[in-house]
Amino acid sequence: MIKGFKDFLMRGNVIDLAVAVVIGAAFGAIVTAFTNNLINPLVALVGGMENPVGFAVQLGASPKTTMDFGALVTAVMNFVIIAAVVYFVFVMPMNKIKERRERGQEVGPSEPTDVELLKEIRDLLVAQANQGNLGNQGNQGAQRTSAQSGPHSTPQQYANQPGTGPRPAQPPRPNTQQHPRG
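Numbering-wise, the UniProt record's numbering puts 77 at position 77 of the sequence shown, and it's gapless, one number per residue.
Rather than coming from a laboratory, the hints here were simulated on the basis of the structure. Heads up, some of the hints might be wrong.
[Unchecked claim] Label pairs and their calculated CB-CB ranges:
#, residue 1, residue 2, range
1, K64, K98, 45 to 53 Å
2, M67, G28, 17 to 25 Å
3, V21, L45, 31 to 39 Å
4, R103, L124, 50 to 58 Å
5, A26, I2, 29 to 37 Å
6, N133, G104, 44 to 52 Å
7, K119, Y87, 31 to 39 Å
8, F5, F34, 33 to 41 Å
9, M1, T65, 49 to 57 Å
10, A61, V86, 37 to 45 Å
11, K6, Y87, 25 to 33 Å
12, N13, K64, 37 to 45 Å
[Claimed, not checked] Derived lysine to any residue pairs resembling SDA-like cross-links, with alpha carbons at most 25 Å apart:
#, residue 1, residue 2
13, K96, L17
14, K98, D7
15, K96, V22
16, K3, V14
17, K6, V19
18, K96, T32
19, K96, I23
20, K96, I81
21, K98, A20
22, K98, K119
23, K96, V115
24, K98, V21
25, K98, F8
26, K64, I81
27, K6, L17
28, K98, D16
29, K64, V86
30, K96, I82
31, K96, K6
32, K64, V76
33, K6, D16
34, K98, V115
35, K64, A84
36, K98, I2
37, K119, Q131
38, K119, G132
39, K98, K3
40, K119, A129
Nothing here was measured: the structure is a model prediction, and the numbers come from that model. Backbone N, C-alpha and C define an ideal beta-carbon position, used for all residues, glycine too.
Model the full structure from these sequences, guided by the hints.
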């Protein structure tokens, strides 16, 4: 069970997510400071208000019933800025890297697998065996022709036929003739 949990944590997606959360939190502080100190004063300058965060509506006499639209606008601007930076700094370059890797894989010829190589070897061996059988069948036909040609064919003529090959050595015959001395 612990091994499975470790495998889950070591997957690329979980590690990428953890890195994204840490970077997002650190970057969020930068964007908040950017929005509060640069964007909000520009909005106040254009809008003629001293406190742009004060786009609010108070529903009752208590300040707790105030709906602060300025805080919502600030949060939306923070989100848009963070999303744009994350996209242009992280997502877009990663997509380009993946695209290049995929293009590189498609262009290069794929190497044959072991099974494909073994099948190719098998096919070549079968083709060689078939060629050898065809050659032997031709030799057998020549042997039949020479044997059918009649008694004038001698063993030397048969041995000299192309494709018949050397004949195996014959054991010596015992002498069955009687010698006159005997």
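Status of the hints after comparison with the structure:
no.	hint	in the structure
1	K64 x K98: 45 to 53 Å	50 Å, holds
2	M67 x G28: 17 to 25 Å	24 Å, holds
3	V21 x L45: 31 to 39 Å	35 Å, holds
4	R103 x L124: 50 to 58 Å	34 Å, violated
5	A26 x I2: 29 to 37 Å	31 Å, holds
6	N133 x G104: 44 to 52 Å	47 Å, holds
7	K119 x Y87: 31 to 39 Å	48 Å, violated
8	F5 x F34: 33 to 41 Å	39 Å, holds
9	M1 x T65: 49 to 57 Å	51 Å, holds
10	A61 x V86: 37 to 45 Å	43 Å, holds
11	K6 x Y87: 25 to 33 Å	32 Å, holds
12	N13 x K64: 37 to 45 Å	43 Å, holds
13	K96 x L17	20 Å, holds
14	K98 x D7	24 Å, holds
15	K96 x V22	23 Å, holds
16	K3 x V14	15 Å, holds
17	K6 x V19	17 Å, holds
18	K96 x T32	29 Å, violated
19	K96 x I23	21 Å, holds
20	K96 x I81	22 Å, holds
21	K98 x A20	18 Å, holds
22	K98 x K119	34 Å, violated
23	K96 x V115	34 Å, violated
24	K98 x V21	22 Å, holds
25	K98 x F8	23 Å, holds
26	K64 x I81	29 Å, violated
27	K6 x L17	16 Å, holds
28	K98 x D16	15 Å, holds
29	K64 x V86	35 Å, violated
30	K96 x I82	20 Å, holds
31	K96 x K6	30 Å, violated
32	K64 x V76	22 Å, holds
33	K6 x D16	15 Å, holds
34	K98 x V115	29 Å, violated
35	K64 x A84	34 Å, violated
36	K98 x I2	32 Å, violated
37	K119 x Q131	18 Å, holds
38	K119 x G132	20 Å, holds
39	K98 x K3	30 Å, violated
40	K119 x A129	15 Å, holds
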